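For the record, the sequence lines run as chains A and B.
Residue numbering for the first sequence follows the UniProt record's numbering, beginning at 1 and increasing consecutively.
Residue numbering for the second sequence follows the UniProt record's numbering, beginning at 1 and increasing consecutively.
One thing to keep in mind: the hints can contain errors.
Stated by the list, open to error - No more than 25 Å apart at the CA atoms, straight line, and that leaves these computed lysine to any residue pairs for SDA-like:
id : chain 1 : residue 1 : chain 2 : residue 2
1  : B       : Lys243    : A       : Met88
2  : A       : Lys29     : B       : Gln233
3  : A       : Lys21     : B       : Glu323
4  : A       : Lys21     : B       : His222
5  : B       : Lys367    : B       : Glu323
Keep in mind that the hints were calculated from the coordinates and are not lab data.
All figures in this text were calculated on a predicted structure; none of them were measured in a lab.
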Amino acid sequence: MTEVKKDDVVKILHTYPLCRKCDMSDEMKQEAMELCVTAAEKYADNYESVSRMIKETMDKKFGASWHTVVGEGYGFEITYQLKHLLYMYCAGNLAICIWKSA
Amino acid sequence: MRPSVTKRTPSKVTELSKELPRHISFLKSRVDLGGGDMDWLRGKVFLKPEDQLQLSEAELQEEIARVLTIHNTRVPDSLVEWSWKLKNFILLPPPPHLVTVLNVPGSLLHKDSEEAKIQLTGGLVVDTPFEEAIVYDDEEEREEEEEEEEEADIEEPEEIEDHKEPEHEHEHEDEEEIEKVKPKKIPNQFNFCERAALTYTNPMREMSTQTIPPPTGIFNTHVFQWTIFDEYQAYFAQQQREKEKERRLPVLQLKKEDVKKKAQIESTALTYRMLQAAKTLERMINQNIFDEIAQDYRYWDDPSDEFKVGEGSLLPLWKFNYEKTKKHDVTDLCFNSRYYDLFAVSYGTMSFSNLITNGTVCLFSLKNPSYPEWICPTESPVMCLDFNEQHPHLLVIGTMDGAVAVYNIMLPPTAPQYRSNDVVQKHGGIVWEIHWAPDTEEGNLAFYSVSIDGKINYWILSENDLALTTVMTLFLDRPPIPGPDGTIITLKGCGTCLAFHPADQNIFLVGTEEGTIYKCNTAYSSVYMRTYNEAHNMPVYRIVFNKFNSSIFASCSGDWRIKIWEDDRMEPLFMFDLGIPIGDVQWAPYSSTVLACVSNDGKVTVFDLNINKYRPICSQQIVSRKKYKLTRLAFNNKLPFIIVGDDKGTVNTLKLSPNLRLKVKPTKKQLHLTHRELEIMKLERLLSFVREPAILPPPKDTRVET
Numbered sequence: 001m002t003e004v005k006k007d008d009v010v011k012i013l014h015t016y017p018l019c020r021k022c023d024m025s026d027e028m029k030q031e032a033m034e035l036c037v038t039a040a041e042k043y044a045d046n047y048e049s050v051s052r053m054i055k056e057t058m059d060k061k062f063g064a065s066w067h068t069v070v071g072e073g074y075g076f077e078i079t080y081q082l083k084h085l086l087y088m089y090c091a092g093n094l095a096i097c098i099w100k101s102a
Numbered sequence: 001m002r003p004s005v006t007k008r009t010p011s012k013v014t015e016l017s018k019e020l021p022r023h024i025s026f027l028k029s030r031v032d033l034g035g036g037d038m039d040w041l042r043g044k045v046f047l048k049p050e051d052q053l054q055l056s057e058a059e060l061q062e063e064i065a066r067v068l069t070i071h072n073t074r075v076p077d078s079l080v081e082w083s084w085k086l087k088n089f090i091l092l093p094p095p096p097h098l099v100t101v102l103n104v105p106g107s108l109l110h111k112d113s114e115e116a117k118i119q120l121t122g123g124l125v126v127d128t129p130f131e132e133a134i135v136y137d138d139e140e141e142r143e144e145e146e147e148e149e150e151e152a153d154i155e156e157p158e159e160i161e162d163h164k165e166p167e168h169e170h171e172h173e174d175e176e177e178i179e180k181v182k183p184k185k186i187p188n189q190f191n192f193c194e195r196a197a198l199t200y201t202n203p204m205r206e207m208s209t210q211t212i213p214p215p216t217g218i219f220n221t222h223v224f225q226w227t228i229f230d231e232y233q234a235y236f237a238q239q240q241r242e243k244e245k246e247r248r249l250p251v252l253q254l255k256k257e258d259v260k261k262k263a264q265i266e267s268t269a270l271t272y273r274m275l276q277a278a279k280t281l282e283r284m285i286n287q288n289i290f291d292e293i294a295q296d297y298r299y300w301d302d303p304s305d306e307f308k309v310g311e312g313s314l315l316p317l318w319k320f321n322y323e324k325t326k327k328h329d330v331t332d333l334c335f336n337s338r339y340y341d342l343f344a345v346s347y348g349t350m351s352f353s354n355l356i357t358n359g360t361v362c363l364f365s366l367k368n369p370s371y372p373e374w375i376c377p378t379e380s381p382v383m384c385l386d387f388n389e390q391h392p393h394l395l396v397i398g399t400m401d402g403a404v405a406v407y408n409i410m411l412p413p414t415a416p417q418y419r420s421n422d423v424v425q426k427h428g429g430i431v432w433e434i435h436w437a438p439d440t441e442e443g444n445l446a447f448y449s450v451s452i453d454g455k456i457n458y459w460i461l462s463e464n465d466l467a468l469t470t471v472m473t474l475f476l477d478r479p480p481i482p483g484p485d486g487t488i489i490t491l492k493g494c495g496t497c498l499a500f501h502p503a504d505q506n507i508f509l510v511g512t513e514e515g516t517i518y519k520c521n522t523a524y525s526s527v528y529m530r531t532y533n534e535a536h537n538m539p540v541y542r543i544v545f546n547k548f549n550s551s552i553f554a555s556c557s558g559d560w561r562i563k564i565w566e567d568d569r570m571e572p573l574f575m576f577d578l579g580i581p582i583g584d585v586q587w588a589p590y591s592s593t594v595l596a597c598v599s600n601d602g603k604v605t606v607f608d609l610n611i612n613k614y615r616p617i618c619s620q621q622i623v624s625r626k627k628y629k630l631t632r633l634a635f636n637n638k639l640p641f642i643i644v645g646d647d648k649g650t651v652n653t654l655k656l657s658p659n660l661r662l663k664v665k666p667t668k669k670q671l672h673l674t675h676r677e678l679e680i681m682k683l684e685r686l687l688s689f690v691r692e693p694a695i696l697p698p699p700k701d702t703r704v705e706t
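Extracted from the complex, chain A is given alone in its bound form (with noise of 0.2 Å):
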């Protein structure tokens, strides 16, 4: 029976993106994770074309010198311009960081 059930736990699987930490406004908060969502799921096997795609629109969309990273497993500390922060999972194995820092 808990064997069963185990199965059961482990059949859920998440895809849909889900965001860690975030202090930009709702509206950029939205586009960004889009867009995200729209590069990660272009470039599924090639994480820096993700990112570049990620970074050149952010940076034509708000503004110069946006930054991301795009890994299954990675550690950071940063120091971003407050409002232009976004660290989202997506598609269940990868986390992606974007911030502003001029």
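With chain A's structure known, arrange chain B on it following the hints.
Using the frame of chain A, we list chain B on its own:
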């Protein structure tokens, strides 16, 4: 104009030799100057250059004359120019000796000069010949202005300067005038002033802005696959929990509606104030329109009463009606206990062939006879109403469909405060009379109602709804009759009126359509305390207790009669037959022996038993006999007037003449007694005449011994 010291031309070679002796002589003269006084400098030796020309004394003493010529050595003496015309150099004339470096025209004039003279005499220079005429006019003014001009001396130099040139042209023309004018003062170093203004120079400022860099924050974390997984799990679990809480969301939406309601309440508060103002204005207008009636209402007494002993009259005052209830019958009237000029009128219908299916309750004030203060339309014709004594804002009504409702008249008449349930809590027929009962022990309000279904119900106003107790069912004292399919039905009397004993709140009287009056007690729901069989031959319309003696009550009926009863006495004390059905009878609040009734022929009849035991003291036609019937009547508790309602929705106000409201005059012995005691005594005295002893005591047997 530079005077050249020597002729110096490049062609003259001997110049230097000529000049040298001059230098020497100059030096020598310097030495000579020092002469005898310079003995202390004797040791001094002049340093001489090696190549200095050595001259003898004689040579040094030689005088060399200096000649100044106008010949300028700097000026080229033979300037030539190539002439293309002549194909030859031609000699140019020597350049002039005069070079103008700076030309500043002076503003000063010598006072002996021609111009100065003109100006001194005050000659004004005119620029154009056109203005000459003006100059003439100015001449006269100028004399007057002399003094001013002295003060304005500084301006003079400017004028002089400005007009210097033109003046020459007009010199001769002006001469004649100039001679006439006095000489002017000339500014000099003692008589001179200069005026100037130094303006404020704004200091220079430097403006600059230093911006604060946008605020930054530091964020650090680390992420692994398993942390991502854990976070997703935790989030999913939280989502599940929130789904369970979603039931509370509708509650939140309700709160939004509350906000809307609040806004509505605020707007109604504003319109309420407007209404108050409009109401005041309406009353003022009505007071003006009905001013005569208002005067009569308070101050007019029929003067003929003094000469008519035992007779009185009624003075009609205002008529109250409401446009929408013109076809309704006035089914009940009740004065408010707090505001003596406020009364409630219920509109329903008395005849059951009538097609009217709705009713209205209106509150009228004597201050506004033209329109009701408060209008409450109801679904069913209203048959009775009553104001609460202690809570004058509460009004209870009974309707034709057997329902009862309590209204708070301070609120807009949209919905009743309490309303009986249409299915389980209601009477089976018309509610004919309704009365507030004393508050219950728990402090709840309560009232009684009597209905045509033969039940007397006791209603308690609890927090949210009405609680119902049936106090009495009026079973007839007849054997049960067989029903439609084998059932047996006990016949019930149809209650039409109800009166509570003023002293003992448990005891009440019920009149029925059969003409029987039952004396009942709320404590026993199945037994009558007394039955007045055949009290009337037709339905009893009203039973009222005397306001002073609670054992006396009057009843009126459709059998044309008014009967006055005493408790515990099966036969009435008085009986009046008016020859017409009597709709309502009421005891006067001010006298123990006065009662008034309304009859179907449109008459109001007033009795005073103390004055006439057999005939009314007043019987007056109020409305047209053919068109109208009078239905109900009410005495005002404070002022001597009555209101009567008719079957066309009109309420008439009638003032009682002095003879109808006679009060007992206390004799000298009775001065200490109150009005109430006097009234009771009056009634008692009257009753003693009409009472027949219940049992005649047989004379005592006495043994006669012979």
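Hints versus structure:
1. B:Lys243 to A:Met88: holds, 23 Å
2. A:Lys29 to B:Gln233: holds, 23 Å
3. A:Lys21 to B:Glu323: violated, 72 Å
4. A:Lys21 to B:His222: Distance ~13 Å between lysine 21 of chain A and histidine 222 of chain B Cα, so the pair holds.
5. B:Lys367 to B:Glu323: holds, 18 Å
The structure fails hint 3 only (numbered hints given earlier).
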